[in-house]
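Full structure from sequences and hints, please.
Here's the letter readout for the chains.
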Amino acid sequence: MSSHVTVDRWQFTLTVTFHYLFPIVTMGLAVFIAWLQTVAHLGREDRRWPLRRTAEDRRAHEAAAHLWTKVFAVSFAVGVVTGVPLEFQFGTNWAAFSNYAGGVIGQTLAMEGVFAFFAESLFIGILLAGRGRVSERLRWIAALMMLAGSWVSGFFIIATNAWMQHPVGYTLRDGRAQLDSLGQLLTNPWLPWQYAHTMSGAAVSGAFLLAALGAFYTLSGRHPEVAGVCLRIGVVGALVFSLLQIFPTGDRHARQVARYQPSSFAAMEGLFRSERGAPLVIIGTPDTEQRRLESAIEMPHALSLLTSRRWDAEIRGLDSIPVDRWPDSVPLVYYAYHIMVGVGTLLLVLAALAVLLVRRGRLLRSRSVLWALMLAPPFTFVANIAGWTVAETGRQPWVVFGLMRTHEGASPASSVPAGTAIFTLLGFAGLYLVIGLVYVLIVVRIVARGPELRAPPTKPRPTAAAVVG
Amino acid sequence: MATVWFIVLVVMITAYVVLDGFDLGVGALHRLLARTDEEREEAVAAVGPVWNGNEVWLIAGGGVLFLAFPRAYAGAFSGLYFGLVLVLWLLIGRGLGIELRDEVDSPLWRTACDTVFWVCSAALALVFGVALGNVVRGVPLHADGYFHLPLFSILNPYALLVGLFGLVVLAAHGASFLAARATGPLGARAARWAGGLWWAELVVLAGLAVPTDDVRHSALEAFTDHPWRLVFPVLAVGALAAGFAFRRSGALGRAFLASCAFIAGLLGSVAAGLYPSVLPAREGRPFGLTVHNAATSDHALRIALWWWPVGIALAVGYFVLAYRLHLLGGPRAGPAGGPQTGGGGPTGRPRA
Ligand code: HDD
Ligand code: HEM
Ligand code: HEM
Chain A
1 MSSHVTVDRW QFTLTVTFHY LFPIVTMGLA VFIAWLQTVA HLGREDRRWP
51 LRRTAEDRRA HEAAAHLWTK VFAVSFAVGV VTGVPLEFQF GTNWAAFSNY
101 AGGVIGQTLA MEGVFAFFAE SLFIGILLAG RGRVSERLRW IAALMMLAGS
151 WVSGFFIIAT NAWMQHPVGY TLRDGRAQLD SLGQLLTNPW LPWQYAHTMS
201 GAAVSGAFLL AALGAFYTLS GRHPEVAGVC LRIGVVGALV FSLLQIFPTG
251 DRHARQVARY QPSSFAAMEG LFRSERGAPL VIIGTPDTEQ RRLESAIEMP
301 HALSLLTSRR WDAEIRGLDS IPVDRWPDSV PLVYYAYHIM VGVGTLLLVL
351 AALAVLLVRR GRLLRSRSVL WALMLAPPFT FVANIAGWTV AETGRQPWVV
401 FGLMRTHEGA SPASSVPAGT AIFTLLGFAG LYLVIGLVYV LIVVRIVARG
451 PELRAPPTKP RPTAAAVVG
Chain B
1 MATVWFIVLV VMITAYVVLD GFDLGVGALH RLLARTDEER EEAVAAVGPV
51 WNGNEVWLIA GGGVLFLAFP RAYAGAFSGL YFGLVLVLWL LIGRGLGIEL
101 RDEVDSPLWR TACDTVFWVC SAALALVFGV ALGNVVRGVP LHADGYFHLP
151 LFSILNPYAL LVGLFGLVVL AAHGASFLAA RATGPLGARA ARWAGGLWWA
201 ELVVLAGLAV PTDDVRHSAL EAFTDHPWRL VFPVLAVGAL AAGFAFRRSG
251 ALGRAFLASC AFIAGLLGSV AAGLYPSVLP AREGRPFGLT VHNAATSDHA
301 LRIALWWWPV GIALAVGYFV LAYRLHLLGG PRAGPAGGPQ TGGGGPTGRP
351 RA
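Residue numbers (the numbering used here), protein chains in the order written: chain A, 1 to 469; chain B, 1 to 352.
Everything labelled a hint here was simulated from the structure, so no lab data went into it.
Okay, the calculated bits of chain B under chain A, using three or more residues with CB under 8 Å as the criterion: (1) 45–55; (2) 74–85; (3) 93–107; (4) 146–154; (5) 305–312; (6) 315–324.
Beyond 10 Å from chain A on every Cβ pair, some chain B residues (computed): (7) Thr3; (8) Thr183; (9) Ala222; (10) Leu235; (11) Ala272; (12) Gly288.
No residue lacks a Cβ here, since even glycine has one placed at the ideal position from N, Cα and C.
This is the structure we're talking about:
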């Protein structure tokens with residue numbers, strides 16, 4: 001593969017990975033901000049569960065919503081400015097791919113703009129307007145609309161990616177893909193499970209962020225009311241979404257990959273030989289030269305069972321696929337997949353343990369679990385990015401699976417020579433390093449300042465134990 | 001069908017330049033116009049809540065180019081690679097300069113953000129002009145629909161002149177926006193600058209006439225062959241004159257609207273002069289990309305026409321709501337009535 005393509009790939013990898021960190025935060029937090037605002041806005045003592053709330057409880061929810069909205073705002077801003085380069089990089093670095101596929105995926109990208117981004121840009125403004133400048137009701141609506149906007153935006157971008165993974169609804173004419181049916185594009189069988197899995201993955205991150213803040217404030221003995229609210233909602237959300245992440249979304253998505261992208265699936269599972277009753281590999285080192293898995297620990301028959309719901313179903317291994325259609329790096333796909341699944345399993349265990357402790361009223365005293373919760377969020381990001389690494393490197397050597405190879409999709413070297421791309425790649429790297437540092441600095445300051453409870457409570461403040469327990 | 005999408009594309013780009021144009025203009029004049037910390041705060045506050053929405057017109061416009069004319073999207077963006085990536089970097093700086101300004105409460109930080117906002121905005125206005133100049137002049141397209149322009153040929157004299165024009169027009173646009181919106185000394189200063197920049201617009205516009213005829217004589221024929229297309233230049237000139245008159249009579253809001261119409265007239269004229277080209281080759285050379293050879297299938301374009309009006313109607317609704325809220329909030333008063341009373345910084349949000 002010629003060098004300019006390699007540089008183009010590195011640049012896209014860098015910019016899309018960096019961008020994706022921020023939508024994880026916004027799409028994930030949007031769920032919980034919307035919930036906090038809903039309780040703050042609708043909660044009453046005489047309502048039914050879950051809206052039966054005391055005034056203190058509502059105030060704590062409001063303060064938590066306010067704090068998280070600040071984090072959301074910074075993440076949104078960085079998400080926006082890093083998203084724009086992605087959209088235009090299709091043209092700058094992947095011109096041949098754009099020319100080939102623009103008639104199809106241009107639709108979903110343009111739809112994302114008009115249906116999601118316009119709405120988001122309005123409602124973020126309302127959500128951020130100072131307290132007292134817009135009504136509480138409007139702010140609550142804005143929180144719901146931000147949730148809708150960011151999730152709709154995710155839908156259209158995943159629809160774009162789903163077409164690259166599993167192209168549907170097009171015909172090839174004059175060497176270009178032309179759209180036949182928008183309906184087919186938006187009901188791509190690949191899309192629903194990829195979408196559900198990705199969004200749930202963002203919500204996992206959002207939930208663990210809430211829990212981590214609650215754990216941090218509890219461990220440092222600050223802001224007990226808000227800490228209690230964040231912990232309680234965070235651990236429950238973490239449990240729910242970690243479960244959804246594995247079943248049904250992860251499971252169904254994996255079966256889909258097995259069906260439509262056997263090359264990617266075999267690489268994910270480290271399956272070099274097609275087998276009946278294929279085992280599920282827990283640990284092992286793929287060796288592409290020898291075409292086998294070193295020092296593997298396996299669960300017999302489990303892979304066949306999971307994939308086909310039959311004990312000895314046949315699973316296609318890499319040997320059934322010509323080598324020039326293997327992913328460029330089988331070990332990368334394999335390791336990324338096992339990192340995602342491994343981290344996901346550990347997160348589920350942690351969330352389940354924390355919920356159990358909350359039910360027994362003991363979470364606030366379990367310092368080791370609080371520490372684990374506080375340190376968990378980075379691992380949720382690792383799992384999300386690892387997941388995308390599986391999806392995107394597993395798709396290789398295709399940029400549009402089965403239709404266009406990645407090296408055919410790059411801009412011609414005569415237009416964008418490798419040297420030029422190296423220059424811009426370094427530019428992006430430097431710029432993003434600075435942005436990343438500034439972002440961390442700002443979020444740390446927001447957390448250090450802590451929430452502001454609006455009015456002084458009239459009754460004695462409840463202890464965090466009462467709130468959580 | 002391709003012609004319909006050409007019009008859609010021009011409308012999207014025009015909306016972008018008119019709307020984000022005043023953000024960029026305010027930014028380009030930022031550290032020149034606003035002298036004190038409060039004034040700077042007021043200037044940023046004037047664009048803070050709306051710049052993102054305005055920028056979405058660029059993203060959606062790019063989406064329309066991508067979906068309707070993929071070949072032009074691919075050719076233009078890869079051929080003008082450096083210019084495009086520069087735009088991306090500047091857009092990042094501009095956006096973060098506005099958004100992060102109030103996240104750290106320190107005068108040093110605010111100065112840094114203001115400077116980034118100022119430099120990036122001014123540079124963007126210039127670079128957009130240079131890009132437009134290159135499109136009007138035509139690019140050295142090959143038969144395969146691609147071309148390569150190294151940086152020093154992107155910066156050819158004609159394109160630089162259009163770049164200067166872009167900077168002047170957007171600065172004037174931003175000044176008339178601030179003049180209509182800001183209060184106190186800042187507003188007065190903006191009105192004075194708007195007056196001066198009006199003459200600059202006139203001079204550069206006049207200076208562009210002959211070079212433009214040199215690089216694209218066919219544009220003149222487009223107008224003589226289809227005289228109705230003259231409405232665009234007439235609109236531009238009329239709006240320029242009206243802007244002058246309005247400002248003289250102190251109708252600053254109307255002067256700003258005239259500036260919007262002027263920009264719309266200018267871009268309409270360019271589009272009318274170039275049609276049916278989307279990405280023209282140098283004058284007299286073959287391989288130019290037109291609405292016919294760059295468009296995707298008619299079928300796909302027809303499909304997109306089902307959802308596009310719905311989306312744009314929604315977007316217009318959001319904009320009316322957003323500008324109502326923003327403008328009814330009224331200009332933030334000077335030092336005393338500053339952000340503390342509103343509880344918000346420039347972006348209208350509480351300081352972190
Ligand atoms: C918190 C994040 C997270 C966690 C814990 C998991 N995943 Fe995941 N996974 C993602 C976040 C993610 C993702 C970032 O959302 C991906 C990337 C592309 C996509 O569609 O979703 C993804 C992709 C992805 C794919 C598609 C690969 C491809 O398209 O080639 C499969 C098969 C799985 N996941 C399966 C699982 C299973 C069985 C898990 C069990 C623990 C799991 N994931 C945990
Ligand atoms: C959902 C929308 C996405 C689209 C449309 C998309 C599209 C693309 C394109 C065009 C390429 C370059 C061609 C190639 O190397 O195959 C690419 C590569 C890549 N993308 Fe994505 N991407 C998306 C999301 C993501 C996300 C969120 C990530 C990671 C966080 C990601 C990670 C990568 C990686 C790692 C590569 C390089 C693959 C390689 O070269 O082996 N992508 N993607
Ligand atoms: C190659 C792929 C991608 C492209 C071209 C892209 C493009 C963009 C653009 C242009 C913006 C700025 C919008 C604005 O100005 O309001 C943006 C923001 C956003 N993107 Fe992406 N994006 C990509 C990948 C992703 C992925 C994989 C997701 C999630 C699944 C995602 C979710 C979002 C969201 C929710 C926003 C709103 C801003 C934010 O929340 O940070 N994007 N993206």
